[in-house]
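Number of protein chains: 2
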Amino acid sequence: MFTTFRGGQAGPWRIILNSAVKGEGLAAVPALAVTQSPTIALPLLPSTTSWRMAGVASHVRYVEKAEKEQLAEKQAPLGRKEATSAALIPIRKSAAWWALSQDERREILEAKSHHISSSLKYLPQVARQLYHCRDLGEPFDFITWFEYAPEHAPQFEELVATLRGTEEWTFVEREVDVRLQLAE
Amino acid sequence: MFTTFRGGQAGPWRIILNSAVKGEGLAAVPALAVTQSPTIALPLLPSTTSWRMAGVASHVRYVEKAEKEQLAEKQAPLGRKEATSAALIPIRKSAAWWALSQDERREILEAKSHHISSSLKYLPQVARQLYHCRDLGEPFDFITWFEYAPEHAPQFEELVATLRGTEEWTFVEREVDVRLQLAE
Chain A
-11 MFTTFRGGQA GPWRIILNSA VKGEGLAAVP ALAVTQSPTI ALPLLPSTTS WRMAGVASHV
49 RYVEKAEKEQ LAEKQAPLGR KEATSAALIP IRKSAAWWAL SQDERREILE AKSHHISSSL
109 KYLPQVARQL YHCRDLGEPF DFITWFEYAP EHAPQFEELV ATLRGTEEWT FVEREVDVRL
169 QLAE
Chain B
-11 MFTTFRGGQA GPWRIILNSA VKGEGLAAVP ALAVTQSPTI ALPLLPSTTS WRMAGVASHV
49 RYVEKAEKEQ LAEKQAPLGR KEATSAALIP IRKSAAWWAL SQDERREILE AKSHHISSSL
109 KYLPQVARQL YHCRDLGEPF DFITWFEYAP EHAPQFEELV ATLRGTEEWT FVEREVDVRL
169 QLAE
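The listed protein sequences correspond, in order, to chains A and B. Take the first sequence: its position 80, counted from the start at 1, is 68 in my numbering, and no numbers get skipped. Take the second sequence: its position 57, counted from the start at 1, is 45 in my numbering, and no numbers get skipped.
Heads up, a few of these hints could be off.
To be verified - Away from chain A, derived, C-beta distances all over 10 Å, residues of chain B:
1) SER38
2) ARG40
3) ARG49
4) ALA137
Said to hold, decoys possible - Derived DEER-like restraints, expressed as beta-carbon distance ranges:
5) GLN63(B) to GLU12(A): 19 to 25 Å
6) GLU12(A) to ALA84(B): 38 to 44 Å
7) SER106(A) to MET(-11)(B): 30 to 36 Å
8) LEU111(B) to GLU70(A): 53 to 59 Å
9) LEU5(A) to PRO18(B): 56 to 62 Å
10) ARG152(B) to GLN63(A): 36 to 42 Å
11) MET(-11)(B) to GLN(-3)(A): 31 to 37 Å
12) LEU111(B) to PRO142(A): 17 to 23 Å
13) SER35(A) to SER35(B): 49 to 55 Å
14) LEU108(B) to GLN63(A): 36 to 42 Å
These aren't lab readings, by the way, just hints derived from the structure by calculation. Note that the structure is a prediction, hence the values are computed from the model and not measured. Backbone N, C-alpha and C fix where the C-beta goes; we use that ideal spot for every residue, glycine too.
Hey, can you work out the whole structure from these sequences and the hints?
Below you can see the structure in the form of structure tokens.
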């Protein structure tokens, strides 16, 4: 199942911030719609007034058994009534990252950067869903979607700042940070 | 870059065997064509006289640093003049496999099933390329393509038999084995 994020004129999420963190940004548009479909939507013609990206909620690539159990125990589902704030953070990593072996990537991701354990700290307040898109020929490698209640914004900012301060993050070559509010 | 395998009436590879190893097979067709494209070809209408499958030659998912170096040192490229025999082996693994954590999958794949070290034994005689397709919404999870000179057929048969005797293989729920010869 593919999840497609369409930035444009319409959609239930209002875009309140659209920031190019590293590399090229995304066109400034007012709204976002998220849809699911069994086949991938082909990229539309390039547009300066809209954009789309798509990914797949796939199996875990680094998470180990004990971590998987902790995540399952602590995590919250998407779509909670109170979670009216969201962030859409698409990322592309460098060729150097993808040329590493599995154990080298795991070492950087968790042993050195504590990606999984840092994220665990903010569960269940900040719900998180990762979508993979590197193998789909998309411009980004991953899309991460976060949902939280407005009062948990400080915790979310802390999580994002933590992840951007890691060794893993030095392999990021493009990142956009889109913040959203559910329209009334 | 997507690699598409089309079984049908035309193509440089002659299909000499098409065997359903586990689960549903593929329609009997005489020829195979392999093409590469930057976008994925949408599945055509279902046909009883042709089939297609597509995948991506992606980054390694289990291989560790020392193994990666050994593979790089021993492996042969595709397209060697003498490698006129080939095998196309698409596989789908069970939901139970994909629900395992990364360390559990690595444990079964290598520590228990010696997938990587067994395959290394047959390099450079048997060239091998893995294509990932689970995230593409394809009917298979992987496509493995092997190329070898006809005189190395016994080594290839030994490799295939070894992999089918492993614990990892008990997670395979669909496998088709297509053998090919380059047309004169």
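How the hints compare with the structure:
1. Every Cβ of chain A is farther than 10 Å from the Cβ of SER38(B); the closest lies at roughly 19 Å, confirming the non-interface assignment.
2. Once the 10 Å rule is applied to beta carbons, ARG40(B) is consistent with being away from chain A; the minimum gap is 14 Å.
3. Its closest Cβ contact with chain A, about 6 Å, brings ARG49(B) to no more than 10 Å, contrary to its assignment away from the interface.
4. The claim that ALA137(B) lies off the interface holds: its Cβ sits roughly 30 Å from the closest Cβ of chain A, which is beyond the 10 Å cut-off.
5. Evaluation of the 19 to 25 Å hint for GLN63(B) and GLU12(A) yields a failure: the beta carbon distance comes to about 36 Å.
6. At roughly 41 Å, the beta-carbon separation of GLU12(A) and ALA84(B) lies within the given 38 to 44 Å, and the hint holds.
7. The beta-carbon spacing between SER106(A) and MET(-11)(B), approximately 34 Å, falls within the hinted interval of 30 to 36 Å.
8. Taking 53 to 59 Å as the suggested C-beta distance range, the pair LEU111(B) and GLU70(A) conforms, at roughly 56 Å.
9. Distance hint check: the CB atoms of LEU5(A) and PRO18(B) are about 58 Å apart, consistent with the given range 56 to 62 Å.
10. For the pair ARG152(B) and GLN63(A), the beta carbons lie near 37 Å from each other, so the given range of 36 to 42 Å is met.
11. The hinted range of 31 to 37 Å is satisfied by MET(-11)(B) and GLN(-3)(A), whose Cβ atoms lie roughly 33 Å apart.
12. The hint said 17 to 23 Å for the Cβ distance between LEU111(B) and PRO142(A), and at roughly 54 Å that hint is violated.
13. Under the hint 49 to 55 Å, the C-beta atoms of SER35(A) and SER35(B), about 35 Å apart, miss the expected range.
14. For LEU108(B) and GLN63(A), the hinted distance range of 36 to 42 Å is satisfied, since their beta carbons lie about 38 Å from each other.
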